[in-house]
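Participant: Line by line, the protein sequences give chains A and B. To get the numbering used here, take the position in the first sequence, counting from 1, and add 61. To get the numbering used here, take the position in the second sequence, counting from 1, and add 185.
By construction, these hints were calculated from the structure, which means they are not laboratory data. Please note that a few of the clues may not be correct.
Said to hold, decoys possible - Partial pick of chain B residues on the chain A-facing surface, computed with a CB cut under 10 Å:
1. LEU226
2. ASP230
3. VAL231
4. TRP262
5. MET298
6. TYR302
7. GLY304
8. ALA310
9. PHE315
10. GLY317
11. GLN321
What the hints assert, rightly or not - The following label-pair restraints were derived from C-beta to C-beta distances:
12. HIS163/A with THR228/B: 41 to 47 Å
13. ASP230/B with ILE212/A: 23 to 29 Å
14. TYR305/B with LEU173/A: 33 to 39 Å
15. TRP92/A with GLN257/B: 22 to 28 Å
16. GLN73/A with TRP272/B: 16 to 22 Å
17. ILE303/B with HIS163/A: 22 to 28 Å
18. THR229/B with LEU161/A: 30 to 36 Å
19. SER121/A with ILE299/B: 19 to 25 Å
20. GLN116/A with THR237/B: 27 to 33 Å
Unchecked claim - Which chain B residues face chain A? A few, computed with CB under 8 Å, are given here:
21. TRP260
22. LEU261
23. ASP312
24. LEU313
25. ILE314
26. LEU316
27. GLY318
28. TYR319
29. GLU320
All C-beta atoms, glycine included, are put in the ideal place defined by N, C-alpha and C.
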Amino acid sequence: MQPLFGLQARYQPSSRLKLLFGVPVVLAAEWTACENTDIGMEFLYTTESLCYIRQRLSNSVSISAQYHGSLNNSDATYFENSIYHQDNNHQITYNNITFLQHQIFASIDLKLYKDVGFSIGAGYNLRSNMSLYNNTNKVLDGIKSSDNFFINCSLQFVRLQ
Amino acid sequence: MLWMLRQKLTVQAYQTILNSEMNLDTKSAEKLQCTNYLPFLNTTDVHSIIGTQFSTYDIDAEQSDSLHKSIQQFWLWTAWQYRYQQWNFSLTTETSWRSDKQNAYSTIGNECMILAYIGYELNPAWDLIFLGGYEQRHMVEK
């Protein structure tokens with residue numbers, strides 16, 4: 062059992078600005094810059110960060126562009142202690158993996174009726190870096206993944222107030 | 186709507202609740218992810234929601250002899266909220282299981298997390314939120 066603690070403060074000085082800060086969310090903000098334009102960002106001290114801009118074209122249609130960055134870390138037990146590399150008949154075992162992924166995408170959000178919405182979008186996973194560490198935390202290997210496109214669609218039944 | 190959900194969604198960057206989400210990669214990385222959030226139990230005092238996610242992804246690295254893994258993960262999330270005057274009491278649970286398809290679906294790990302949120306509304310503009318809980322990870326040795 063590992064205990065978890067955090068303290069956040071939420072501050073909403075006006076209907077156009079929402080702020081959240083503390084731990085684990087270091088800073089999250091959404092600002093209605095213009096009447097129909099929202100700008101948002103989030104930075105967590107752990108694994109994720111992102112920013113986005115959303116333009117509301119009408120009461121039922123909006124478009125947005127977003128960036129996501131996520132950092133994943135797994136230790137060797139996750140892979141059953143079987144992560145190794147054979148080099149000149151010398152086997153090196155890795156103890157953890159760190160994987161950093163950047164992602165950009167754009168989406169269209171549609172409000173179908175009342176609390177039901179639909180969104181569809183497309184994006185791009187940027188080339189990501191994977192690092193393997195041994196007992197001394199020294200980087201033994203660096204791996205770059207292929208970049209690739211993805212599609213995303215969602216159906217939304219519950220709307221936040 | 187659920188105060189706790191706003192907290193959860195703030196973690197997810199103010200994104201709206203996605204009832205169904207599919208993310209397909211078309212090139213070398215094989216990844217499939219499906220997420221659902223549904224209202225579960227809603228009364229005057231208690232609100233709750235349940236979330237599920239199933240994902241598969243492959244990890245393949247040419248520079249390592251052993252790093253060719255195909256992982257499946259199932260994720261279950263519940264959230265419960267009760268509000269009393271200026272106090273908000275929320276509880277979330279997260280549980281996930283992983284398996285490796287290349288090892289005959291043997292379980293290689295599971296995680297469990299319980300978080301309690303206690304929020305106090307100072308005034309219409311300010312909320313203070315304290316959260317605490319436990320995280321447990323368990324790996325199965327072959």
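Participant: With reference to the structure, classify each hint as holding or not holding.
Facilitator: So, going through the hints one by one against the coordinates:
| no. | hint | in the structure |
| --- | --- | --- |
| 1 | LEU226 | violated (13 Å) |
| 2 | ASP230 | violated (17 Å) |
| 3 | VAL231 | violated (16 Å) |
| 4 | TRP262 | violated (14 Å) |
| 5 | MET298 | holds (7 Å) |
| 6 | TYR302 | holds (9 Å) |
| 7 | GLY304 | holds (8 Å) |
| 8 | ALA310 | holds (5 Å) |
| 9 | PHE315 | holds (6 Å) |
| 10 | GLY317 | holds (5 Å) |
| 11 | GLN321 | holds (5 Å) |
| 12 | HIS163/A with THR228/B: 41 to 47 Å | holds (43 Å) |
| 13 | ASP230/B with ILE212/A: 23 to 29 Å | violated (41 Å) |
| 14 | TYR305/B with LEU173/A: 33 to 39 Å | holds (37 Å) |
| 15 | TRP92/A with GLN257/B: 22 to 28 Å | violated (39 Å) |
| 16 | GLN73/A with TRP272/B: 16 to 22 Å | holds (18 Å) |
| 17 | ILE303/B with HIS163/A: 22 to 28 Å | violated (35 Å) |
| 18 | THR229/B with LEU161/A: 30 to 36 Å | violated (45 Å) |
| 19 | SER121/A with ILE299/B: 19 to 25 Å | violated (39 Å) |
| 20 | GLN116/A with THR237/B: 27 to 33 Å | holds (32 Å) |
| 21 | TRP260 | violated (14 Å) |
| 22 | LEU261 | violated (18 Å) |
| 23 | ASP312 | holds (4 Å) |
| 24 | LEU313 | holds (6 Å) |
| 25 | ILE314 | holds (4 Å) |
| 26 | LEU316 | holds (5 Å) |
| 27 | GLY318 | holds (5 Å) |
| 28 | TYR319 | holds (5 Å) |
| 29 | GLU320 | holds (5 Å) |
Checked against the numbered hints above, the structure violates hints 1, 2, 3, 4, 13, 15, 17, 18, 19, 21 and 22; every other hint is satisfied.
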